[in-house]
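Undergrad: Assemble the complex: chain Y is given as a structure, and chain G must be docked to it using the hints.
For the protein sequence lines, the chains are Y and G, in the order given.
Note that numbering that gives the first Met the number 0 gives residue 105 to position 106 of the first sequence, counting from 1, and the numbers run on in steps of one.
Note that numbering that gives the first Met the number 0 gives residue 204 to position 205 of the second sequence, counting from 1, and the numbers run on in steps of one.
Bear in mind the hints are in silico, worked out from the structure with no lab data behind them.
Take the hints with a grain of salt, since some may be wrong.
[What the hints assert, rightly or not] In silico DSS-like pairs for lysine-lysine, Cα to Cα no more than 27 Å straight-line: (1) G/K81 / G/K201; (2) G/K125 / G/K93; (3) G/K175 / G/K81; (4) Y/K81 / Y/K178; (5) G/K201 / G/K89; (6) G/K307 / G/K175; (7) Y/K277 / G/K201; (8) Y/K270 / G/K204; (9) G/K204 / Y/K277; (10) Y/K270 / G/K89; (11) Y/K130 / Y/K178; (12) G/K175 / G/K201.
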Amino acid sequence: MSDERNGNLLEVRGLRKYFPIRRGVFSKVSGFVRAVDGVDLTLRRGETLGLVGESGSGKTTTGRCILRLLEPTAGSVRFDGKDLLALSPRDMRRARRQLQVIFQDPYSSLNPRMRIGSIVGEPLAIHRIAKGSEREHRVADLLCKVGLDPSAMRRYPHEFSGGQRQRIGIARALALNPKLIICDEPVSALDVSVQAQVVNLLMDLQEELSLTYLFIAHDLSVVEHISDRVAVMYLGKIVELADAEALYEDPQHPYTRALLSAVPVPDPTVKPARIPLKGELPSPAAPPPGCAFHPRCPVAVEVCPRVEPELLDSGTGHLASCHLVHPVGDRPFG
Amino acid sequence: MSESSRPLLEVEDLRVQFSLPEGIVRAVDGVSFFIREGETLGLVGESGCGKSLTALSILRLITPPGRIATGAIRYRGRDLLKLSEPEIRKVRGKQIALIFQEPVAALNPVYTVGDQIAEAIRVHNKVSKKDALSQAVQLLRLVQIADAERRVREYPHQMSGGMCQRVMIAMALSCKPSLIMADEPTTALDVTIQAEILDLLKRLKDEFGLSMLLISHNLGVIAGAADRVAVMYAGRIVEEAPVRELFASPKHPYTIGLLRSVPRLGGRQRSARRRLASIPGSVPDPLSREPGCPFAPRCTDVMQVCRKLEPELLPLEGERKVSCFLHHPSEGEGSAVVG
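Isolated chain Y (complex conformation) (with noise of 0.2 Å):
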């Protein structure tokens, strides 16, 4: 099957990512922790895919294993018709000019000691693709598009705010002209008013450029604004993936239920019909049996701690891994 023709960008098929945990004077691996645990993606080309979950639900590292920031321990990742994990250092380098990061926090991310210039335009230097006045004037260019004046070339990160910081972070993954961006959590630092001048630059940006977006975040309003679909993450899998109308209107998966039902809305008149959730996120080291929701879940029944669901198709594009969606006998597959 052709990348081109089913306009897929990016294919994650069974991404997992296991640290061993190591104990003693010889550090013997004594267990694993597996914060990507089989996750498989699509990203389309020009939408914008997001993925939620809580702390230590594995978004984050996902992200990086796309990226190969971290070697993921199994799985793959084509990325427009390559592998990219059967790449050598060398390609896999060249391939990062396609495959582009906003961090999140817009204070670590950028060198103090470096002017916005040479921050900017380290890309182009890298990737030897601009130098002298040529790279200064595709700098000069880039910060116009992410609606800085030109003159900050010359500035040092700490005379930003945050906002602007994290727009400077935009116009460095802009400056290859890369085809997929990866966004984790990028406006999770700024204030509000701020968040939103931030969102509404990076859907400008995405329609005038084409660019594909995985827009990591756990703030699920942010993600319901930005994305075109959107995938839950809990304990290293994909619990939930659907369109953000399908999944915000009709959660299907109790964990996507529970989530929304405990985002604070700005309105006082509103009385929140909170599903609380019982006990703790379990460690990602020791995964419950089954079903990695059970201990928690509402609605758990008598199968959910014996087999681990599959996350399946009901039929609409609409994706959840539970039971009660799925009834193991009704499986088409069984």
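TA: Just chain G now, with coordinates in the frame of chain Y:
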């Protein structure tokens, strides 16, 4: 006002300044508000607006180069700014308790949580260590920590962020204060845990008739927990109102912009992605403040007077207050003549 009908806490014209080599930063710049018995006042604003410093000032926890320049902080009628150091120490924790944003960082990693709660009890009460520890177990039960007898002997690293915040709340309650100040108590927590902590705070507040100063940047949190709300911008309160009135009809252009820029769940219109409303520009540099209303450079309804004079926080109908010349035009005209 008679002594009995007096609010529990009254802050009047509080000013906190930082003397830096680059100049003086007026981080809190003339803030006045009050909290009644049993009431929750929400203090909302973006980073750097001075909301945390306001809370720290109330317990006189501002450290150099910062200092409280002027103001009065009356708690049950006594001005806390006039107390001696030993006297204010008796207020901290005993009368007014503080809950921080980072529960894991706020706890000492080398003591068990039981020891830390017991220490807080023994600072203010003459009880034996053993009694204090058994009180700690009771407190952990109160904040709904299961298996309290075992967990009281655990260290902070053995607990999750949500658990640590419950321990912090237990510690805050240990000396039966009448006012709790919670500074972004759920910001570091996941959304499901946040909901649990907010429910817990609300339940305890009702059970013990506590007053609360709830500081948050999250308008959803404020909407769900506060009785009245004060909105801060650049070191000043720009609007104050009962919670329902504030969300139903915000008056200050900053509050209006803030409420519009919050993405809402289910706010998505039929499969079309909508641009979020945002407030143009960013917070003014505290070192080079222009004259006039601090919000004027970002305000869509800015008038000439706004760039010249600073509006005062003046009453509107009912319990509402706003500092904006749009709502108090005569104030601008009057002073403009004088100025």
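Undergrad: Quick one: which hint numbers does this structure break? Sort them smallest to largest.
TA: Hints 1, 6, 10 are the ones this structure does not satisfy, whereas the remaining hints hold.
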